[in-house]
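Colleague: Here is how the chains run, residue by residue.
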Amino acid sequence: MTILNQLKEILLSNTEISNIDISESTDLKNDLNLSSFDLAQLVFAVEEEFDVEIPDRTIRSIKTVGDVIDFLVKQ
Amino acid sequence: MIYKLYDISIMTDSEYQKWYSVMDSSKQARVDRFMFEDDKKRTVAGDMLAREMISKACNIAPEDILFSKNNYGKPFVNDLDIEFNISHSGEYVLCAIDDNPIGVDIEKIRPVDISVIKRVCNNDELDYVLQSNNNIDEDTFKRFFEIWTAKEAYFKCLGTGIADVKSCRTQELKFEKCCISNKFFCSFFIENSN
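Chains as they are written, first to last, in the numbering used here: chain A, 1 to 75; chain B, 1001 to 1194.
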């Protein structure tokens, strides 16, 4: 499974969004309007799924699904 | 502090169009980009509540109110000595105004994994949320969202974006709180009220 597909599953199971077309350019706030709790759940789930720790500074800079993928690829 | 809670299900198409047309162009562009209709309605309703409440408090026409954002994205009112903050969850939009910087948060109470509860709460908060028993039930989630919304309201008041959530020790700060029909929890934090 690609990282994008893993992130799609995490988004669908940890937020209240329904099944939609999520791509690397999908903006977590401006397209999906995720709440801060949704974003926190996303971060926690990504950290657990990929066994990484996302620093606060990085969390603040994450805007799109692609930003999460870029962070994971660099790990 | 004055606050208003609005249910977007009562917003008519004409109200939506009226308040959409009053919004500044950058916010309209943000609304246009949302994938879901309810997200559009929540954002227009938030702008509507803020304009109506600030208009009444400052005796200014709603369409003459100008909003800006700080470097972390916290909105503020240009040229008026009033503070506001907006939050939304599910069908509800919450807006509060005050003379001092204010942060508000509303969240739908829903099941949360215990691992998330432990990531968010410090030891004292964890004792309060779990109440020293092993049964995780609806009341556990209600207490968790009491803590979460308090932390979020605190960080929104500071206007610096959410940081290490455990660094906000809610038991040492003063919050206004309310629970709506056991389904939503709201918290308010006002600077200088502590």
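None of these hints come from the bench; they were simulated from the model.
These numbers come from a predicted model, not from an experiment.
Heads up, a few of these hints could be off.
Result set (SDA-like, lysine to any residue): computed pairs, CA atoms no more than 25 angstroms apart in a straight line [said to hold, decoys possible]:
no., chain 1, residue 1, chain 2, residue 2
1, B, K1040, A, D27
2, A, K29, B, D1007
3, B, K1004, A, D38
4, B, K1118, A, E24
5, B, K1027, A, F44
6, B, K1177, A, S25
7, B, K1074, A, E9
8, B, K1040, A, D56
9, B, K1183, A, S25
10, B, K1069, A, S61
11, B, K1183, A, D56
12, A, K29, B, L1158
13, A, K63, B, K1177
14, B, K1027, A, S25
15, B, K1074, A, D67
Colleague: Broken hints, numbered, in rising order?
Modeller: Structure breaks hints 4, 5, 6, 7, 8, 9, 11 and 13.
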